[in-house]
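Undergrad: Each chain is listed here by its residues.
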Amino acid sequence: MKIILLAYFLSLSVLCEARIILVGKNLPLKTIKAAIAQSTDGDTIIVSNGIYKEGRILINKKIVLIGKNFPVLDGQNKSEVLSVNADNVVVKGFKIINSGHAALEDPCGIRVYDKSNVIIENNILDNNFFGIYIQNSKNCIIKNNTVKAYGEEEQLIGNGIHCWKSENLQIIANKISGHRDGIYFEFVTNSVIWRNVSSGNVRYGLHFMFSNDDAYITNIFKNNGAGVAVMFTKNVKMFNNYFEENWGDSAYGLLLKEIADSYIFNNRFSRNTSGIYMEGTSRIKVEKNVFKSNGWGMKIQASCMDNEIVNNNYLKNTFDISTNGSLVLNTFNSNYWDKYEGYDLDKNGIGDVPYHPLSLFAVLTETNPSAMLLYRSFMITLLDKSEKVLPSITPDNFVDNTPLMKSLPL
Amino acid sequence: MNRIIKIILLDIIKNKIVLAYTFILAILSWSSFALEDNSAKGLLTILNVILFTVPLVSILFSTIYLYNSSEFIELLLSQPVKRLKIWLSLFTGLSSSMVFSFFVGAGIPLLINSPDNVGFMMIIVGCLISVIFVALAFLSSILTRDKAKGIGIAIMIWLYFALLFDGIVLFLLFQFADYPIENAMIGITALSPIDLARIQILLHLDVSAMMGYTGAIFKDFFGTTTGLIVSFLLLCLWAIIPFFISLKKFNRKDL
Numbered sequence: 001m002k003i004i005l006l007a008y009f010l011s012l013s014v015l016c017e018a019r020i021i022l023v024g025k026n027l028p029l030k031t032i033k034a035a036i037a038q039s040t041d042g043d044t045i046i047v048s049n050g051i052y053k054e055g056r057i058l059i060n061k062k063i064v065l066i067g068k069n070f071p072v073l074d075g076q077n078k079s080e081v082l083s084v085n086a087d088n089v090v091v092k093g094f095k096i097i098n099s100g101h102a103a104l105e106d107p108c109g110i111r112v113y114d115k116s117n118v119i120i121e122n123n124i125l126d127n128n129f130f131g132i133y134i135q136n137s138k139n140c141i142i143k144n145n146t147v148k149a150y151g152e153e154e155q156l157i158g159n160g161i162h163c164w165k166s167e168n169l170q171i172i173a174n175k176i177s178g179h180r181d182g183i184y185f186e187f188v189t190n191s192v193i194w195r196n197v198s199s200g201n202v203r204y205g206l207h208f209m210f211s212n213d214d215a216y217i218t219n220i221f222k223n224n225g226a227g228v229a230v231m232f233t234k235n236v237k238m239f240n241n242y243f244e245e246n247w248g249d250s251a252y253g254l255l256l257k258e259i260a261d262s263y264i265f266n267n268r269f270s271r272n273t274s275g276i277y278m279e280g281t282s283r284i285k286v287e288k289n290v291f292k293s294n295g296w297g298m299k300i301q302a303s304c305m306d307n308e309i310v311n312n313n314y315l316k317n318t319f320d321i322s323t324n325g326s327l328v329l330n331t332f333n334s335n336y337w338d339k340y341e342g343y344d345l346d347k348n349g350i351g352d353v354p355y356h357p358l359s360l361f362a363v364l365t366e367t368n369p370s371a372m373l374l375y376r377s378f379m380i381t382l383l384d385k386s387e388k389v390l391p392s393i394t395p396d397n398f399v400d401n402t403p404l405m406k407s408l409p410l
Numbered sequence: 411m412n413r414i415i416k417i418i419l420l421d422i423i424k425n426k427i428v429l430a431y432t433f434i435l436a437i438l439s440w441s442s443f444a445l446e447d448n449s450a451k452g453l454l455t456i457l458n459v460i461l462f463t464v465p466l467v468s469i470l471f472s473t474i475y476l477y478n479s480s481e482f483i484e485l486l487l488s489q490p491v492k493r494l495k496i497w498l499s500l501f502t503g504l505s506s507s508m509v510f511s512f513f514v515g516a517g518i519p520l521l522i523n524s525p526d527n528v529g530f531m532m533i534i535v536g537c538l539i540s541v542i543f544v545a546l547a548f549l550s551s552i553l554t555r556d557k558a559k560g561i562g563i564a565i566m567i568w569l570y571f572a573l574l575f576d577g578i579v580l581f582l583l584f585q586f587a588d589y590p591i592e593n594a595m596i597g598i599t600a601l602s603p604i605d606l607a608r609i610q611i612l613l614h615l616d617v618s619a620m621m622g623y624t625g626a627i628f629k630d631f632f633g634t635t636t637g638l639i640v641s642f643l644l645l646c647l648w649a650i651i652p653f654f655i656s657l658k659k660f661n662r663k664d665l
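Protein chains in written order, with my numbering: chain A, 1 to 410; chain B, 411 to 665.
One chain only, chain B, in its complex shape (with noise of 0.2 Å):
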């Protein structure tokens, strides 16, 4: 397995589109830190590449490679090896090379400018939602053996999380604002994984306004040590659920 893993982690070296999005997230976190005084605006341009680039670059990329190394997946099923190992170890290999990008691109500069709370959630969350879109590929490009549609999933679940959702619980929370909501609220964001990692970066950002009334609630259930195992337990579930799916499905696919 070790030596699949190797050969995909050359593969996606030499493709050279991974160390351009390291150098592009490097090139944004080092100058919005350099740009102002104070560290503020520094993480919300982070914040927003962990909300919006990490996940669209994670699951296009993967995605596309997942399509064109479906070759290369095919001579490996020929020889005696397992299709759990083979899938496994593509998955090990884009999502490692997803998160190095991330903690090199953006972890680093992260640690340097803001080594606080902030900064550690931050990089966490990021290597998750990277792990996370990872394996939603892996779901979009089991799903179908036509390219452009299997992409075309992809970047429809990527709208999905980063814009629709978001949309639908701003329209849920104004028909239903006069009922009490909070709580339910709390378990709706459970449904996308950008919505937890944002709200678990938040609680840490803006502390003073989360210790308003509604905040409150939020800072109560996050913001407790269940409430942090609670919500990473439910970012690890998010990678490895499509995952599992993608593996039972590759498992039976006829190729």
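Next comes chain A alone, as it looks inside the complex (with noise of 0.2 Å):
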């Protein structure tokens, strides 16, 4: 009985081993594929310096891949470099350059497979096609990587990191730089994009469609083709966020296409040609943000309704909204715009004049983009005085009752 129990013990401790296997030039093994052949689930398998062109790497055991001092694993312009095919997996530390590039397959720096609770963390990604892939996965981490590649037409290049049909993940302090869409979210639900900075992509820094009940929070987009879009979703959180330097005519600071129930709070939209553009969205709460130095500080499409816009700052902008009808289903309330000229006699910080914020020029701009040649002339300047005291051009229910007399210290 005795000699069976200790039996039993012993192969489970042999069993429960988790084994480090080395992998290195001038180890016994030599390539990661061996290493993973060899590997059990469990295993850590840790990788040193060097230069390892071995194709397509297949994780599909439940182990920890850790490269020591970023060694390079290339994939040469063939194929994708790294795949996930397994639960549990970790993959930190690695340089991942030279991915493939195909239209059909979509070749990855790291992609994984229909897995959950993989961890990819610390890694260098370089000239990929796209960088990291997660598709149809739960529970993932995507942390601390950078991710750069060099695409000048977006049909050539894919996605920093591209998420797609997954629940659960966190995408937390990645650097991406150069791809087609910074960040893309695809049908991905309760997720977190924390403190990433998303720059220099062809098209968007951030993209999402479909994606409801996720949140991004203390991220920099800037000078990305066409700023972030956020379309056919709900129930995102959208707080502390920079978007900066999005400059074209279609490129937005933030673009709001069929948004619901959804929270703008305490974000800063710096010299974009428009700051936020608004398109069929509806009860969003857009609230302290600072809208400073942007062409249009907001442009909110006759198509929205019952968007509440409360509490920010607008300085310096050029516009501070503009609009393309005459319809007005949204509330501006107790917003600092510093081109009020009311007065406060009773001191109380509110401005005892209601405040119009769209000027007459913004509407002739959008009906007829060439005066915006005219822009500044004394004879629009006196146009938009009496415009401003009796509307007729611009809807008079387009207005902010309760304009504050100092800015907000957001």
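Hints may be right or wrong, so weigh each one.
Claimed, not checked - The calculated DSS-like cross-link candidates involving lysine-lysine, where the alpha carbons are at most 27 Å apart (straight line), are: (1) Lys629(B) - Lys339(A); (2) Lys451(B) - Lys406(A); (3) Lys451(B) - Lys288(A); (4) Lys339(A) - Lys451(B); (5) Lys451(B) - Lys347(A); (6) Lys388(A) - Lys451(B); (7) Lys237(A) - Lys285(A); (8) Lys451(B) - Lys385(A).
Claimed, not checked - Pairwise CB distance ranges (calculated): (9) Asp630(B) - Asn240(A): 31 to 41 Å; (10) Cys646(B) - Asp384(A): 54 to 64 Å; (11) Leu487(B) - Glu341(A): 34 to 44 Å; (12) Gln585(B) - Ser326(A): 54 to 64 Å; (13) Phe654(B) - Asn401(A): 35 to 45 Å; (14) Ser386(A) - Thr636(B): 35 to 45 Å; (15) Leu445(B) - Lys285(A): 44 to 54 Å; (16) Val192(A) - Thr636(B): 19 to 29 Å; (17) Asn458(B) - Lys234(A): 40 to 50 Å; (18) Ile650(B) - Asp352(A): 48 to 58 Å; (19) Lys385(A) - Asp630(B): 30 to 40 Å; (20) Gln585(B) - Asn77(A): 54 to 64 Å; (21) Thr636(B) - Gly325(A): 52 to 62 Å.
Hints in this document: simulated from the structure, not taken from any laboratory.
Every residue, glycine too, gets a C-beta built ideally from N, C-alpha and C.
Fit chain to chain and form the complex, with the hints in mind.
TA: Here it is as structure tokens:
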């Protein structure tokens, strides 16, 4: 009996033992593929510094793959570099370069297939078609990666971090540049995007589609081809982000299309052609944001309804607000407008005269963009002034009844 | 020639109106910069000064000055001095005093409060506008001997460039809204010095909006080095051509 028990425990200990497998140019094991073939679930593979040109490396066991001093995995512009096809895999500390470029297969730097609890951390991805691709997965963490590519045209490059049909993802502190979309979310729910820097991408810094119940917090989106797009989605929280220098006719700091029940809080929009562009949005609260030095602070199309714009600062924008129709179903309350010229007799900090943020000229340029040529001409200033007093072309219910006298400390 | 310029400059200083103009410009600019914590409102005030006050004062003061110094001109003509010299020294004296007032009144606050592209562009453009409207004053005063008529013409010229022209452009824009008129519009702006000046400043002041579609067309033209050079050349032409016409008339005029 004792012997049987002893044998049982011995075998158990053998089974449970997580081995550490070392891979390196000067070690018996020279390739990662061989190490993976030898490993069993729970093992750790540590790869030393060097260049590994092994084609597509497939991880199909629950292992931890750690790079020491950023060993280079080179796809040689032919194939996908690292494919994760097992749960609970950790990939850490690699430099992954030169994946293939193919429109049908979408080869990636790192791709996760239908799995959960995968952690991708501290990697450098350089010149890949897609950077990190999470496909139909759950509970994954993508953290501290640097994803860089050199795309020039959007059809010739993939996305930096591409997430499709997934749940409970955490995208934290990554730096993405030069891809088509920095971060791409499609059918991704209950996920968070936190402390990322997405800049200089060909199309959007962040692209959100059909992804409900997500939050993105404290990210920087700078100088992307068309800013950030959030579309066909509900329950999205956008907090503390920076949207900067998205310049061009169809470039928006934040493009909202068919969004409902979302909350935009404490973001900063500066030097964009348009800070926020809203189309078909409803029940969104825009609160305590700063719109500074934009061409258009906000463009709210007439298809938007029940949005609440409260306690924002509008500073140094060419136009604070513009719209394309006369229907106003949104409310503006207690914002600070630096163009406000009213007075505050009872000294309660709220202007006594309602403010019409929509200028006549903003309406004119909306129907006839060439009129931009006449901006700041004396004639236009006169027309604007008389329109402010007696609104005739601009909708008279487009109004902030409680404009603030002093800017909010944001 | 230098002696004539000196006499004219001394006369203008004695006149004190130019000094008052300098003083008013200075008060306007300093106070508008001091009132707000950001420089945007100050810049806008000075922009309006450049587009509105500077042309008005330059053209009116110069026209009236020319009419009032007609006896002085006649006296000079009795001396062995070339007509070109007289006319040119009058122009130099008047335009340099206008440029000086603008520079001291509005330029220095600009340099201190906004020492960047916008500020420099505004100073250069403001000085050019001063010179241009002095030249236009020469033209309007030479057109007729009647003082009231001459001043009337000066006011009309100012009204036309400051107000009417933009109204006409706005009208054209909406009449031809269905046609691709952006490039034609660039050509039309060349017909008004105030518009040229305004667009140059706008390109620096409202960069973000100018990156939009139509704005981008203007930026592609006026924002490039070629566009910059072309628009400054055009502004110079706006000063040279009216003065040249007036000079020709002055040479042939029977006083």
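Undergrad: Look at each hint and say if it fits the structure.
TA: Cross-check of the supplied hints:
1. Lys629(B) - Lys339(A): holds (25 Å)
2. Lys451(B) - Lys406(A): holds (15 Å)
3. Lys451(B) - Lys288(A): Judged against 27 Å, a Cα distance of about 23 Å means the pair holds.
4. Lys339(A) - Lys451(B): holds (9 Å)
5. Lys451(B) - Lys347(A): Holds, at roughly 23 Å.
6. Lys388(A) - Lys451(B): It holds: about 18 Å lies between the C-alpha atoms, which stays within 27 Å.
7. Lys237(A) - Lys285(A): holds (10 Å)
8. Lys451(B) - Lys385(A): holds (16 Å)
9. Asp630(B) - Asn240(A): 31 to 41 Å: Check passed, 36 Å falls within 31 to 41 Å.
10. Cys646(B) - Asp384(A): 54 to 64 Å: violated (32 Å)
11. Leu487(B) - Glu341(A): 34 to 44 Å: Violated, at about 54 Å.
12. Gln585(B) - Ser326(A): 54 to 64 Å: Violated, at about 23 Å.
13. Phe654(B) - Asn401(A): 35 to 45 Å: Since Phe654(B) and Asn401(A) have Cβ atoms about 58 Å apart, the given range 35 to 45 Å is violated.
14. Ser386(A) - Thr636(B): 35 to 45 Å: Hint holds: Cβ distance 39 Å, inside 35 to 45 Å.
15. Leu445(B) - Lys285(A): 44 to 54 Å: violated (33 Å)
16. Val192(A) - Thr636(B): 19 to 29 Å: violated (49 Å)
17. Asn458(B) - Lys234(A): 40 to 50 Å: holds (46 Å)
18. Ile650(B) - Asp352(A): 48 to 58 Å: Cβ of Ile650(B) to Cβ of Asp352(A): about 52 Å, so the range 48 to 58 Å holds.
19. Lys385(A) - Asp630(B): 30 to 40 Å: holds (32 Å)
20. Gln585(B) - Asn77(A): 54 to 64 Å: holds (56 Å)
21. Thr636(B) - Gly325(A): 52 to 62 Å: violated (40 Å)
In this structure, the earlier hints numbered 10, 11, 12, 13, 15, 16, 21 are contradicted, and the remaining ones agree with it.
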